[in-house]
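Chain residues, written in single-letter form:
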Amino acid sequence: MFSGDQIASLLSEVGVTHVITVPDSTIGRWEKAIEQSGRIRLVRVCREGEAWQAAAGLYLGGATPLVMIQCTGLFESGDAIRNALHDWKVPVFSIIGYRSYLDQAKLPGDTCLMFTEPILDAWKIDYRLITSPSELHVIRDHFLSCRDAGKAGAALIGE
Amino acid sequence: MATTSATTSRIQLRSALETLRRIRRDDEVIITTMGSAREWMTLGELHDLDFILVPSAMGHGTSIGLGLSLAQPDKRVIVCSGDGSLLMNLGSLASIVAANVPNLAVIVFDNGVYEVTGQQPTAAAGVGRPDGRSADYSGIARACGFESVHAFNDDTTWADAARTVLDAKGPTFISLNVEPVVGGTSPHSPGPTAARAKRFMEALRR
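Chains A and B supply the protein sequences, listed in that same order.
The opening position of the first sequence corresponds to residue 690 in our numbering, with each subsequent residue numbered one higher.
The opening position of the second sequence corresponds to residue 1448 in our numbering, with each subsequent residue numbered one higher.
I should point out that these hints are in silico values taken from the structure, not numbers from a laboratory.
Using N, Cα and C, we set each Cβ at its ideal position, and we do this for glycine too.
Careful: at least some of the hints might be erroneous.
Now the stretches of chain A that chain B is said to cover, found in silico as 3 or more residues with beta-carbon under 8 angstroms [to be verified]:
1. 742 to 753
2. 761 to 771
3. 789 to 800
Work out the full structure: start from the sequences and follow the hints.
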């Protein structure tokens, strides 16, 4: 979908200081470019719930974090999202890999397709679905819109 | 590897926190959760850099602390966690070491139980385990890569060493063997979260 350089450049442009991540086979390919950007600190955590809470700590400390995970990690993250985004009103932006959205060859009938968007809706995370390489600007525009509104948001990347 | 250990007695949670409050420097951030938050709020006026993590997500004090220590590298961040909370987020110890945050200290108040829900044993407590042996949190921290690891079993040793171990280059892991607080309940929120977060962020900027 996008190259690591494209994502690193975009995140630098909008002022992201830290990317907290657990990789999948799509977004994981961006790690090297993000690390080499020199302007963004990559923070590797063990499980996705950690990512939201580390992002909350970064935000409280004055940084501009972004969470980068797969949708399966979104499912794992529930209590951490509830607390960071809704109890503490921390406006974390996230990039979430949407497993099997574009290609179900490996996992026919993948239930990620059944639950990902309803769960984003349940957690009241305003998201944009990205399905084409021509939509990089949608991520940028949505990030800036959420930042200006002081609310959480997500870019859901079809995989 | 620095390791401090003492005898078989146990520390009172309140006195352990009184020590921390007494030695705390003015620019240090202290995050408290669950039982530690409940007791901390009774010790006196809160400091601007106290972050009472109430309400919390399960076991995520260490993760909030990781983020704060990355964003504020010139401030020491001290996370007060229960053992039950740490068990819910053990991976955060590996994440902390990977992030290389010398200004972060994790203090685990190990009472072996989920105190606020009625003192049920944790899965890591000796009670109910086949060999009767409790999990070794200091050993877990060392295995994750913490080099500054300390364990204390009595008030006096903790009180004498606390400032020194917190001043060491971190990340630092401190295990305190504490007595459960009889009747200890979950803490009350000290006020609206959004307003507290805003005040805390302003205090960090000063």
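Status of the hints after comparison with the structure:
Using a Cβ-Cβ cut-off of 8 angstroms, 11 residues of the segment 742 to 753 of chain A lie near chain B, which meets the minimum of three, so the contact claim holds. With a cut-off of 8 angstroms between beta carbons, the segment 761 to 771 of chain A has 3 residues touching chain B; three or more are needed, and the interface restraint holds. A stretch counts as covered by a chain when three or more of its residues have a beta carbon under 8 angstroms from one of that chain; for the segment 789 to 800 of chain A and chain B the count is 0, and the coverage is violated.
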